[in-house]
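Please build the complete structure, drawing on both the sequences and the hints.
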Amino acid sequence: MAEVSLKGVVKRFGPVQAVHDFTLDIAHEEFVVFVGPSGCGKSTTLRMIAGLEDISGGEIRIGDRVVNDLPPRARDISMVFQNYALYPHMTVRDNQGFGLKIAGSPKSEIAEKVGRAAKLLGIESFLTRKPAALSGGQRQRVAMGRAIVRDPAVFLFDEPLSNLDAKLRGQMRTEIRKLHEKVRTTVIYVTHDQVEAMTLADRIVVMRDGRIEQVGTPDEVYHLPASDFVAGFIGSPPMNLLDARTVRDGDGLAVEIPGGPRLPLDPEACRGIEPGRDVRLGLRPEAIAPERIASEMRRPFSFTADITLVEPLGGEALIFLEIGGTEVTARVFRPNTRLSPEKDVPFVVDLGELNLFDPESGRRLCGTRRMPTQ
Amino acid sequence: MRIVTTAGIWLIRFAYLAFALFPLLWLLRIALTPDQLLYTEGTTLWPSVITFENFRYVIEESPFPTYFLNTVIVSLGTAAIVTVLSTGIGYAFSRFRFRGKTALMVFLVITQLFPIVMLITPLYQILAPVGLVDTRIGLVVVFTAFNLPFAAFLMHSFFEGIPRELEQAAMIDGCTRFQALIRIILPLMLPGVGATLGFVFTAAWSELLFSLMLISSEAKKTFAVGLLSFVGRSGVDWGQMMAAATLALIPPAIFFTAIQKYLVGGLTAGAIKG
Amino acid sequence: MSTTVNDPGRTGASPRTSRQRLTAAEPYLYLAPGIAIVALVMLVPLVVGVSFSFQNYVIFRPAARGWSGLENYAELWSDRTFWLALANTAKWTFWSVLFQISLGLGLALILEKPFPGRAIFQSLVFLPWAVPTFLSGLNWQWLFNPIVSPLPGMLSAIGMLDEPRNILSDPDLALYGPITAMIWWGVPFFAITLLAALRSVPSDLYEAAAIDGATGWEAFRHITVPFLLPMMTITILLRTVWVANSPELIFVMTGGGPANTSQTLPNYVFTSAYSSMNFGYASALASVLMVLLVFYSIFLLWIRGRLGQ
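Here the protein sequences line up with chains A, B and C, keeping their order. Each residue of the first sequence is one higher than the one before, counting from 395 in our numbering. Each residue of the second sequence is one higher than the one before, counting from 575 in our numbering. Each residue of the third sequence is one higher than the one before, counting from 300 in our numbering.
Don't read these hints as lab results, they were simulated from the structure. Any given hint might turn out to be false.
Claimed, not checked - Ranges between beta-carbon positions, derived for each pair:
1) C:Leu528 - A:Gly457: 50 to 58 Å
2) A:Leu562 - C:Phe414: 36 to 44 Å
3) A:Asp488 - B:Val578: 54 to 62 Å
4) B:Leu643 - C:Glu506: 50 to 58 Å
5) B:Thr579 - C:Ile510: 21 to 29 Å
6) C:Ala389 - B:Lys835: 34 to 42 Å
7) B:Glu635 - A:Ala526: 48 to 56 Å
Small disclaimer: the values here were computed from a predicted structure and weren't measured. We put the CB at the ideal spot given by N, CA and C, even for glycine.
So this is what it looks like as structure tokens:
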């Protein structure tokens, strides 16, 4: 059993604080992805868990041990690096078996475990080659093989796919997911790519400036972003963010976009918000569509807007429209009509997908989707 | 026009080659000239007769083989010790953040400003009481200190060329930091280690002043001292002296030729950026 | 195995445990032997040496030894040989380094482009650097000797000398003998470092310049030189200091003669210390040399700082 738990972990580099009060519990066999822009502290946090960086404060546990003061070799982890860090002077076989050799395992056991891992990853045919003679994708597999062979309690991945081209990255992403199904281990995975985070993670940890911005399942992070930062970071194209204002609307409350439509709010979800308040309104691109091709919505609301540009992408299309002087992106799937820029097009927006953020702090004020009960 | 340019470039290349090699060829030429022809054919490009008599005399009858051996011992000893110590310094500078790092680096650079000639007397007085004067070990100690700063910067730049992830991977794989250094980093640094070894060997082989001041007994003299005392004697035998000089040239030339391409690599990595 | 738990309340404080103390000490373990030997064999003698310069310390007169304040420095001020040696040191360093750099740069540019036989060419032209300094001194001493070398004859044939004679015994020319040897010996060093620097110039810069229509010379002038200069300052600095400090070639080739006309400061220090056995005076000479070199270095680094902006 290997839970990983971080309690109030802090990292300073001289006067600069790179990680602030990081607290997180990771369950046994859970796949957790740390995601955020570069410099957000995600790699530093991973390296502190690995023992490659000392922690300046707090506590890290792996399993039932506090590992703050244990060197990397004693933490029962393995790690896949961005540049793979394969030992250039050793063959693939020796690379994979190195950890066991250092641990003093018998030769037969090393051979057996290396063989098993090689089979799992499909790298049996080049066990005798040196890393220099491998392609990027092959090196990636060897690096994962080296991590698996040691059968650790926790796997750490530090941007393992970012040196691969887009196609290979997609393939390897699927393979890592499959591998996790076969080798059930706790995984902590660092990436700056939100697609990787969404596809791989059981839970996503979004980080910014050394702090946790939000922890949640891919669904939660996508549909209920805790802040406008998460909203803008997760999803491609990102969530549309518009400056708006709350207004009284009959009995209830609505949000008014200056120069645009007035969208009624779900009184249930938005209790406690007073009218006449500045907000940032967040709308996912797929929550807006031209009326004539819109798919079913939970709470459709109609308005008109000008289409300024259309980007067909085959299976889907991005439509750029103007709401109150701000450019907004809409995404429609399988558009069977030809779309082109035109004026005063009827649109619908799904009021069930509204997000309101505080314009100062960026924190979420409310959303019409119900927060999951914890 | 193009042909003229090409010819011009080749001409420059040959001029460099001639400038570099003529003195060495002349050394060899005099060493091979029989004594009786030395003055009559002193300035012709190649003597009418050549002889290996000078080499035979130097190897069989002169004290030069002893000098040669002493120089080999001192140079190899210095090179080995400097390489080990500079590995430590280069590794520490490259892989650790610690208090006083900048100050130590600056200190090593500043040692390069010291007028070496001023150190001779004080060093003599420091080495004499501990019995290191007139010993080969004493020379090794002194040469080690003199060559260490540059070697440390050279090694530092070679370390910088090795990705840190490699030793981190090794440490996660179960190595201690020291094991990672020995089993992963150093095998990858062999060219760098070789370059440093060769560089220091060549430098130690050239040293003259301290050998002159610290060594007095004939049996411990190095080549430089031996050759210089040869010059001092009246009635210089040019042929024998040049033969000895030619022999003295062989080991550093071999070492240097072997390492020069790694030296270019090591300097690219950062030693010259300062 | 330590499992000390830190109080989460004081997260800001750096936890001090046995492992971390050991980790903090680790770099010093790697450094200590090397730094210790450098300090003992270079720093301590330097301090002792500087202290000599304030003493009356002549080996033949042990009874007279004692602190003498600035007496050695006062003596130095009125010593004609000191001023001559100082001027010669400047001359010797300037010409040696200037030619080493320009010839070294030429060689590096030649070696940067591939041509048939480049590898063997490179190892042959770099050979002089492998020649021990004293040996290149002796070698060039012989080459300037008209009896065993054609060089004086050649020099007079092209009109650089009035007759085939030994320039090392000419008071006006003697210094140029060791300078020639120093240039010959030092060109490879600059070629190696410049070659390394040239290879670090990103090639897309040249491509961009070529697209912008720059000629080879313009690319050299506007890309290569600005790129090399800051990188080379430290190399030039260290080499200049090394050349200025190096007495060996002069000691071997002319001994500072004839009549001190090729005397430089380090060689004067050496001969003062070991011919006249006046350690106090020799140390004062060396201290002055060091102070000048420190000023020179600061000046060069200041220039480098200005260039960097």
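Hint-by-hint comparison with the structure:
no., hint, in the structure
1, C:Leu528 - A:Gly457: 50 to 58 Å, "holds (57 Å)"
2, A:Leu562 - C:Phe414: 36 to 44 Å, "holds (40 Å)"
3, A:Asp488 - B:Val578: 54 to 62 Å, "holds (57 Å)"
4, B:Leu643 - C:Glu506: 50 to 58 Å, "holds (55 Å)"
5, B:Thr579 - C:Ile510: 21 to 29 Å, "holds (23 Å)"
6, C:Ala389 - B:Lys835: 34 to 42 Å, "holds (36 Å)"
7, B:Glu635 - A:Ala526: 48 to 56 Å, "holds (54 Å)"
Of the numbered hints listed earlier, not one is contradicted by the structure.
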